[in-house]
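J.: Sequence:
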Amino acid sequence: MATTLNIVEEVQRMLDTYDTNKDGEITKAEAVEYFKGKKAFNLERSAIYLFKVYDKDNDGKITIKELAEYREKQANTKQQEIEVEEDIEAFILRHNRDDNTDITKDELIQGFKETGAKDPEKSANFILTEMDGNKDGTITNKELRAYYQKVQKLLNPDQ
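Quick note: the sequence shown uses our numbering, first residue 17, plus one each step.
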């Protein structure tokens, strides 16, 4: 996960790169000048893209605060992705008994029994109903990831 120090360093690098008059803000003119020096193909389009990403209040300037907020959001998103991967791996380790690529209903039931679920078969049926996209009675790695992505979108609609 990116630390606050890493985020501050990235923001400072962006300011050092684009902010030619060193006022702590990046203007479109400064961005166009930067891209001109890099011999970018379409200077205006490059600047527009930069501002679409960072200038959240649409005031024509990218501030330190906007840079930091964007970088922090990126760091949080990356951390969420890591946590989802860890959850998926834990689910697979807990339920996939035969080390193949699919998790069966029987494997789910066994996993729920081991964790002390009140009604392991009901829990397994619920999981299959939610995650088994092609309704073949097994959960593949792809279906598991698709389910977690769907849940993440429901929990974080802004991302």
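Just so you know, these hints were derived from the structure itself, not from any lab. One or more hints might be untrue.
[Stated by the list, open to error] Below are the DSS-like pairs computed for lysine-lysine, each with C-alpha atoms no more than 27 Å apart in a straight line:
(1) LYS94 - LYS121
(2) LYS151 - LYS134
(3) LYS44 - LYS68
(4) LYS121 - LYS134
(5) LYS81 - LYS94
(6) LYS121 - LYS158
(7) LYS121 - LYS77
(8) LYS94 - LYS68
(9) LYS129 - LYS158
(10) LYS54 - LYS68
(11) LYS54 - LYS77
(12) LYS44 - LYS54
(13) LYS89 - LYS72
(14) LYS38 - LYS55
(15) LYS138 - LYS94
(16) LYS166 - LYS89
(17) LYS89 - LYS134
(18) LYS151 - LYS129
(19) LYS81 - LYS44
(20) LYS138 - LYS166
(21) LYS38 - LYS52
(22) LYS54 - LYS121
(23) LYS121 - LYS138
(24) LYS72 - LYS94
(25) LYS72 - LYS169
(26) LYS54 - LYS72
(27) LYS77 - LYS89
(28) LYS94 - LYS55
(29) LYS68 - LYS52
(30) LYS81 - LYS52
(31) LYS151 - LYS166
(32) LYS169 - LYS94
(33) LYS55 - LYS44
(34) LYS38 - LYS94
(35) LYS169 - LYS151
(36) LYS38 - LYS68
(37) LYS129 - LYS94
(38) LYS89 - LYS121
(39) LYS54 - LYS38
(40) LYS81 - LYS68
Quick caveat, the model's predicted, so the values are computed rather than measured.
J.: Which numbered hints does this structure break?
T.: Per hint list: 1, 7, 15, 17, 22, 28, 34, 37, 38 violated.
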